[in-house]
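Colleague: Sequence:
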Amino acid sequence: MSSEAPAPVPARHTRRIVTGHDKDGHSVIADDSVCSANAAVYVPDFSINDAWRVDHLPCDNRRAESGPAGFELEPVASGNVFRIVHIPPDREYLAAIGNAGDTGAADEVGASSSSDAIPSPHPAMHRTNTLDYVVIISGEIYCVMEKGETLLRPGDVLIQRGTNHAWSNRSDQICVMAAVLNGALPYEQQAR
11 MSSEAPAPVP ARHTRRIVTG HDKDGHSVIA DDSVCSANAA VYVPDFSIND
61 AWRVDHLPCD NRRAESGPAG FELEPVASGN VFRIVHIPPD REYLAAIGNA
111 GDTGAADEVG ASSSSDAIPS PHPAMHRTNT LDYVVIISGE IYCVMEKGET
161 LLRPGDVLIQ RGTNHAWSNR SDQICVMAAV LNGALPYEQQ AR
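When you number the sequence shown by my numbering, it's gap-free, plus one each residue, and the end is 202.
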């Protein structure tokens, strides 16, 4: 029996088609390419594919996408990001990120760890300064909160409002979700 680590699984990819205008002002397909995985938390089958990012709204549709080069979990406060996320079953994901005290998964993708959820109900608990629109495309997943959880299935929509949360895939299939993260005030600055 070999003690070598298993070979990494190829990252999941998303095809992105972008419309635009030609020099005469006619609508065209401006780009048809593959979004490679922007972030992988060193977990097989986990990937985040950013399809589009803007740094301010309203945006200028004559310009190409903008925002920081490379992967950033959150958009700038005046912008948003649209992404496709593939989350493997917990048995793969949790084994890779460690025990409940490990904040490595959240730190790996640039999320703040859940410091006020002690003990944390899930090792990947995190919070972002965003208002998120999440749609489940395939598979199923639990959205775990500090108190309670809910099962999401294909077609279900979750509005995630800057709360501590985690994703728990207790099935045997990868869950694919689409998410739009909109910049929001940090939790501490919001009116109570």
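These are calculated hints, taken from the structure and not from any lab test. One should not assume that every hint holds.
[What the hints assert, rightly or not] Each pair of labels, with its calculated beta carbon distance range:
(1) 171 - 129: 19 to 27 Å
(2) 182 - 145: 15 to 23 Å
(3) 88 - 31: 34 to 42 Å
(4) 81 - 148: 36 to 44 Å
(5) 70 - 159: 20 to 28 Å
(6) 66 - 27: 30 to 38 Å
Keep in mind the model is a prediction, meaning the values are calculated, not measured. Built from N, CA and C at the ideal position, the CB exists for glycine as well.
Colleague: Is 19 to 27 Å a correct range for the gap between the Cβ atoms of residue 171 and residue 129?
Modeller: Cβ of residue 171 to Cβ of residue 129: about 23 Å, so the range 19 to 27 Å holds.
Colleague: I want to verify a distance hint. Is the separation of the beta carbons of residue 70 and residue 159 within 20 to 28 Å?
Modeller: violated (40 Å)
Colleague: That 34 to 42 Å hint for residue 88 and residue 31 (C-beta), does it hold up?
Modeller: violated (25 Å)
Colleague: Given the hint of 15 to 23 Å, is the C-beta distance from residue 182 to residue 145 inside that range or not?
Modeller: holds (22 Å)
Colleague: Range first: 36 to 44 Å. Now tell me if the beta carbons of residue 81 and residue 148 are that far apart.
Modeller: With a Cβ separation near 23 Å, residue 81 and residue 148 fall outside 36 to 44 Å, so the hint is violated.
Colleague: Using the beta carbons of residue 66 and residue 27, state whether their distance is inside 30 to 38 Å or not.
Modeller: With Cβ atoms ~24 Å apart, the hint is violated.
Consistency with the previously given hints fails for numbers 3, 4, 5, 6, ordered from lowest to highest.
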